[in-house]
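Chemist: Residues per chain, in single letters:
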Amino acid sequence: MITRQLSIAIPIFVLIFMVQEAVVDQFRLAGGGFSLLLIFTIIWAILSTQEIAAIGGFTAGLLMDLSPSSSGPIGQWTLLMIAGCYAVSYLGSGNENLSGNPLGLTFFTTSAVFFIEISYVVTGALLGVQTGSSGQILITLVGISIWSLVVTPILLPLFSRIHAFAFNTRSAI
Amino acid sequence: MRKGSEGRSRLLLIILIVTALFLITLDLRGVGILEGARQGTQTILSPFQRAGNVVLTPFKNFFSDITHLGRTRNQIEELRANNNSLKAELANRKNADAQLGQLKSILDLAGTAGFKVVNTRVISQGASQSFAQTITIDAGSNAGIKRNMTVLSEFGIAGVVKDVYPNSALISLATDPSFRIGIRIAGSQQIGILSGRGNRSASLQLIDNLTSVKVGDILLSRGSVANRPFVPGVPVGYITAVDNSAGAIAQSATVRLYTNFSTLGVVAVVVGAPVNNPGDALVPAKPQPTPVPTVTIYVTPSPTPTN
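From first to last, the protein sequence lines are chains A and B.
Read the first sequence against the working numbering and you will find it ends at 173, with the numbers running on by one and no gaps.
Read the second sequence against the working numbering and you will find it ends at 480, with the numbers running on by one and no gaps.
Heads up, some of the hints might be wrong.
Unchecked claim - Selected chain B positions facing chain A (Cβ under 8 Å, derived; list incomplete): (1) THR214; (2) ASN226; (3) SER351.
Unchecked claim - Label pairs and their in silico Cβ distance ranges: (4) SER133/A / LEU184/B: 38 to 46 Å; (5) SER385/B / VAL142/A: 34 to 42 Å; (6) ALA30/A / GLY203/B: 34 to 42 Å; (7) SER361/B / LEU138/A: 31 to 39 Å.
Keep in mind that the hints were calculated from the coordinates and are not lab data.
Predicted model only: the values in this text are computed from it and were never measured.
The beta carbon of each residue, even a glycine, is placed where N, CA and C say it ideally should be.
Please build the complete structure, drawing on both the sequences and the hints.
Modeler: Spelled out as C-alpha cells, the structure:
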C-alpha cells in the first residue's frame, strides 16, 4: 500500500520541484518570493500520517538540496524537512480544527514555513553557511511568510485534491 | 498494534534522519558524487528553465509594469488603446530593447578593457529559500565558460561563475553573503576586501590600518592570479558611508554596488583578459550636473512724463 502511494507521490514532488525551478523562480518577487515545494510538502504532511509525512519531507528536502541554488551542504534541507514534516504531522494528527479547516491550515502552513526557514538559518550558521546580514535574513523571512500566507489559500484546494488522489481518499478541502 | 505502529514510525524517522546526517557528512567531506548529483540536476533543469524564460517573458514584463505602476501610468494608458496582439508584440520588443541596451553597455565596458567575453542571457534566478543570491545563465562549458570566471553587467562586476554545466552556468552574485572580492580604490590604490551582504549594499574592510577612505571613492576589482576569479580594473561600486570606530583595527565602509541586480537580463562572462592591467580606464564618469541657465533681467525705468 505504502509503495503504491509513494510511487504516485514521488513524481508529484519532482513535478512541483521542476515548476518551482522553471516557472516560479523566473519571477523576481519582492521579499524573496515563495517556495512552492515547501508549501506543498507541509500541506502534504498535515494531511498525512507521520510515516508518510517523514518520507515526503525526505523526498522534498533531497530535491531542495539538489537545487543548484541551494547554498548549504546536501542533506541540510533533507534533515530539516524530515523533522519539520514529522512535527507538523504529529501536531496536526487528529486535530479536525486544523486538517479540516482551510483557515487554520493556511496559518499552520505559514507558521511551519517560518519556523523551517528559521531552522535553516540556525543550522546553516552551525554548518558555516553564509546567509547574509540579520536585516536581510529578517526581510527574507517576513517576505517568504507573507507570500506563503497569500499563496497557500489559493493552492490549498489543488494540493488537497492531489493528496486525495494519491491516497484514494474522498475528502478534499 | 498501536504501539507497533508507533515503533515502526519512530524507526523510520531515525533511519531518515541518520541518512540525512550521513549526506551532510559526505558533502562536508567533499565527496564528488554528491556534487555530481547537483550538477546533474542543473543539466536536467536548464532546458526547462530556458523554455520557462521564453514563455514567461511577457508575464514578467507585466509584473514589472505592476511594480512601477505609478511611474508608467501614462504608458499603460497608451497601451490600453492598442489591441492584444500589439500589446504582446510591444512587451516582447521592450524586453529585447532593454537587453540590447544592457548588451551594448557590457560590450563597451569589455571593449575598453580588452576583455574577451561570452554574452549570455539570464534564464533563472535562484530560489531565495536558501538565502543565496544566484542566477542561472544560458551558456556553459560548451561556450568556453569555466568555474571562477568574472561575470560583468553593464555597470561592472555582477558576480562570479560558481558552477558550470554543458549549456548553463550558475552565477554567485556580488550580493551573495559568501561573495568576497579584493578591491582597490581608484586613484589612491588602497586595497581592501569587499563582502556581499544579501542586498545591493556591501561592506568593505581595508587591509592597511594607516590608510583611509572617503565617501564617493570608487572601487575597482584588484584582479586575481591568472585573472580568475576576478579580472582587474572592473568597477565594483562606490563608498556611501565610512565607519570610523575607534576600536577597529582597519577602517571599514559601506559600499553601493554599481550593478542593479533586480534588472539583470544579460550578463557577460570574461573568458579572456589582456596581459596589461586596464588600470583606472574603466572608472565610470561622474554624473555631470545639468547647468541651470540664469536669466538676468535688466529693468530700465521709463522716463517720468512731465506736464
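Chemist: Restraint: SER351/B near chain A, CB-CB cut 8 Å. Satisfied or not?
Modeler: holds (4 Å)
Chemist: Note whether the CB distance of SER361/B and LEU138/A lies within 31 to 39 Å or breaks it.
Modeler: holds (36 Å)
Chemist: Does the nearest C-beta of chain A fall within a distance shorter than 8 Å of the C-beta of THR214/B?
Modeler: holds (4 Å)
Chemist: Check the following: the C-beta atoms of ALA30/A and GLY203/B are separated by a distance inside 34 to 42 Å.
Modeler: holds (36 Å)
Chemist: Could one say that the CB atoms of SER385/B and VAL142/A fall in the range 34 to 42 Å?
Modeler: holds (37 Å)
Chemist: Given a hint of 38 to 46 Å, does the C-beta separation of SER133/A and LEU184/B actually sit inside it?
Modeler: At roughly 42 Å between Cβ atoms, LEU184/B and SER133/A fall inside 38 to 46 Å, so the hint holds.
Chemist: Is the interface hint for ASN226/B satisfied, with its Cβ closer than 8 Å to some Cβ of chain A?
Modeler: Where the cut-off is 8 Å and the nearest Cβ of chain A is about 6 Å from ASN226/B, the hint holds.
Checked against the numbered hints given earlier, the structure satisfies every one of them.
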